[in-house]
Structures are given as structure tokens and as C-alpha cells.
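**Q** Residue numbers (the working numbering), protein chains in the order written: chain A, 10 to 112; chain B, 10 to 112.
Source of the hints: derived by calculation from the structure; they are not laboratory data.
Any given hint could turn out to be false.
Treat identical chains as interchangeable: a pair holds within one or across any two.
[Stated by the list, open to error] Dumping the calculated SDA-like pairs for lysine to any residue here, alpha-carbon to alpha-carbon at most 25 Å:
#: 1; residue 1: K41; residue 2: V110
#: 2; residue 1: K19; residue 2: V101
#: 3; residue 1: K47; residue 2: A59
#: 4; residue 1: K19; residue 2: G53
#: 5; residue 1: K19; residue 2: V77
#: 6; residue 1: K19; residue 2: Q81
#: 7; residue 1: K41; residue 2: H87
#: 8; residue 1: K41; residue 2: A90
#: 9; residue 1: K41; residue 2: G57
#: 10; residue 1: K47; residue 2: P60
#: 11; residue 1: K47; residue 2: G58
#: 12; residue 1: K41; residue 2: A59
#: 13; residue 1: K19; residue 2: G57
#: 14; residue 1: K41; residue 2: V77
#: 15; residue 1: K19; residue 2: L112
#: 16; residue 1: K19; residue 2: A59
#: 17; residue 1: K19; residue 2: E78
#: 18; residue 1: K19; residue 2: P96
#: 19; residue 1: K47; residue 2: V13
#: 20; residue 1: K41; residue 2: V101
#: 21; residue 1: K47; residue 2: I91
#: 22; residue 1: K19; residue 2: G56
#: 23; residue 1: K47; residue 2: I11
#: 24; residue 1: K47; residue 2: G57
#: 25; residue 1: K41; residue 2: G56
#: 26; residue 1: K19; residue 2: T76
On a predicted model such as this, the values are computed, not experimentally measured, just so you know.
Protein chains: 2
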Amino acid sequence: MIKVSVLYPKTDSSSFDMDYYCNSHIPMVREKLGAALKDVAVDGGLGGGAPDSPPTYAAMGHLYFDTVEDFQSAFGPHADAIMADIPNYTNVEPIIQVSDVQL
Amino acid sequence: MIKVSVLYPKTDSSSFDMDYYCNSHIPMVREKLGAALKDVAVDGGLGGGAPDSPPTYAAMGHLYFDTVEDFQSAFGPHADAIMADIPNYTNVEPIIQVSDVQL
Chain A
10 MIKVSVLYPK TDSSSFDMDY YCNSHIPMVR EKLGAALKDV AVDGGLGGGA PDSPPTYAAM
70 GHLYFDTVED FQSAFGPHAD AIMADIPNYT NVEPIIQVSD VQL
Chain B
10 MIKVSVLYPK TDSSSFDMDY YCNSHIPMVR EKLGAALKDV AVDGGLGGGA PDSPPTYAAM
70 GHLYFDTVED FQSAFGPHAD AIMADIPNYT NVEPIIQVSD VQL
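Isolated chain A, as found in the complex (with noise of 0.2 Å):
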């Protein structure tokens, strides 16, 4: 299984609307990836490691995918859209990764 994740830093300047991305954003999201798409998961950020810091990024979205090429498969033919819907909900630049599910 891998993981892609979609990191949105949180700075003094940072937006993230997480209302629209958990109910328009990644329903969307699911309707494009299709079966291909196994799971999903968001995380919003509560805070740092140290004592009332702020978190690294405001929200974290996962994306389950069988493999590497399942993903680039169900993604490619809708990345267009998908991008396209980012600023409807942040001013921010995400950072992704992609990763192996190890446990």
C-alpha cells in the first residue's frame, strides 16, 4: 500500500478552510480517483511538539492507493481539476510526498 500525503504548511499568512476540503474538496476527490482510491485521511493541525508551538501544517490529507501506478493512473487524467480547486480552500503551496506504508 502507499500514501500519498499533502502537506499545507501553516505560516502567519496561511489559509486553509477545512470545512470545504473535508466536504468538497476530497468528495470530489473521491469521485475522480474512483475504486483506484482505497482510503483517505485528514488531519488538522492542533499544535508543535513544544509547549503551545504551532503546528508545522495546518492540515495533512492521505491518500491510500495500492500502488505507485495506481495512483498516477487514477490521478493523471483529473490532476488538471483537482489542482484547480486548491485555492478554493488555502493560499497555500502543498507539499507532497509520496510513501510506502510500512505498519
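Go by the hints and put chain B onto chain A.
**A** Showing chain B alone in chain A's frame:
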């Protein structure tokens, strides 16, 4: 449910021993945190969003608890022992983020 994510940056000089992490560090963390620790996930970085780009993080460990207070109560008494094990599998200082599980 909350999630404590421990993110290990990947740099030109960073090292990360995934075998030790999964088979020695995480079992020790599970034993020390006990029933407060609801679940564990571990990701190994494969790449970034652009073709052939490196991952931002060599590894990400995620620890799930019912509440932030449960995490603090379980982790506090064992923080020193858990932190002391980090140099056994990496030479980087991890980024810690506490998140609220939204989806």
C-alpha cells in the same frame, strides 16, 4: 481521536534505519505507552510530488490517542527513554505535530 506525527526530514546527510525503527523503536514505544496508544502507522518516504524528486521526509511515524491529555499522560513518564532511543536509528531531529483526526 488525535494523532501525534513524528516527521523525520530527509537531507543529503540524513540517515534513517527503518528496520530498527519498525522492529525495535516502535515496539518499545507501544510497550511504554500501553493502552493509551490506540494505533500506530509508519510511512517510508519514496519521493516527492515532481518526477524523480526526493521525499521531504525519510519517514513519518503516527501515534493515535483518544485525546491530547491521554497522549501527555502516557508519554510524559517515558519521554526521556523514548527520546534517548532516537540516535539509534537517525541523525536528524524530528518535527513533531499534534493533529485532530478529521476524516
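**Q** Run through the hints listed earlier and report the numbers of any the structure violates, in increasing order.
**A** Violated hints: none at all, because every hint is consistent with the structure.
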